[in-house]
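Using the sequences and the hints given, assemble the complete structure.
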Amino acid sequence: MTPITKRYEVSGDDFTHAGEASGKVKTLLKQIGYHPDAIRRIAIAMYEGEINMVIHANGGFANVDIYPDRVEILLEDTGPGIEDVDKAMEEGYSTAPDEVRALGFGAGMGLPNIKKYTDDMRIESAVGVGTKVYMTIKGQ
Amino acid sequence: MTVKDMAQSLSLAKLAGEENNDVVTGCYIGDLLSWVMGRAGEGNAWITVMGNINAVAVAKLAELSCIILCEDAHLDEDARIQADSNGIAIYASGETAYALAVKIAALLAG
Chain A
994 MTPITKRYEV SGDDFTHAGE ASGKVKTLLK QIGYHPDAIR RIAIAMYEGE
1044 INMVIHANGG FANVDIYPDR VEILLEDTGP GIEDVDKAME EGYSTAPDEV
1094 RALGFGAGMG LPNIKKYTDD MRIESAVGVG TKVYMTIKGQ
Chain B
882 MTVKDMAQSL SLAKLAGEEN NDVVTGCYIG DLLSWVMGRA GEGNAWITVM
932 GNINAVAVAK LAELSCIILC EDAHLDEDAR IQADSNGIAI YASGETAYAL
982 AVKIAALLAG
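Here the protein sequences come in this chain order: A and B.
Numbering of the first sequence is given in the working numbering, commencing with residue 994 and proceeding in unit increments.
Numbering of the second sequence is given in the working numbering, commencing with residue 882 and proceeding in unit increments.
Read the hints as simulated data drawn from the structure, not as lab findings.
A couple of the hints might just be wrong.
Have a look at the derived ranges for each label pair, beta carbon to beta carbon [said to hold, decoys possible]:
1) B:975 to A:1079: 27 to 37 Å
2) A:1000 to B:990: 42 to 52 Å
3) A:994 to B:907: 30 to 40 Å
4) A:1058 to B:907: 19 to 29 Å
One-sided excerpt, in silico: chain A residues whose CB lies under 7 Å from chain B [unchecked claim]:
5) 1087
6) 1096
7) 1102
This one's a predicted model, so the numbers in the text were calculated from it and none came from an experiment.
C-beta: ideal position from N, C-alpha, C; glycine also.
Given below as structure tokens:
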């Protein structure tokens, strides 16, 4: 089945607008009457990914495919890449700078939260090239 | 208990958003945004000192019932505008997070 596809640009170094893309997706899912239990998980997981792109990668792109039974999200950036993905997945591990922590981010919970709220998550990252985060949330 | 009932009972000052009839399901205290997003329950009243625009986004995306800025923590102007346009209720209180949580617990129990 052909999904509803949306593509958003996430601007870098702009915490004022961080969350706009996930907010739009959330609004759209509510409008089309998507599975209520999935909407909150999708919004949180995507927001965490957006924030990561703003903090670490000077922005990027979010591609969202909405199927009747699942939502697939790809967050793609051309930032510095993740040196140690396993380490980055650990709760509490963060490389966020102090000025970002002052805003309330950098708790080292971003990727763990994505894992928690998605049904499937995969990271492809190469240092100096960029990072792709794939996530799937089942609607049920 | 609705957000409106809670705000009246605790004499909270409304700073932004709509005084709504969303049901308060519980209470969560925290200032680290991802921590709150990972742990706070849907419909929780969120007690924090974090009055910036990102806190408004967290409340919206995690479907928290309201934000209570404890100990008269500052609310940024852009956060107030964002909360107004998104209908996120934000309240102020001079009390500590602990004192507020104790009172909310009593209201929820009653």
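Which numbered hints fail: As far as the earlier hints go, 1, 4, 5 are violated by this structure, in ascending order.
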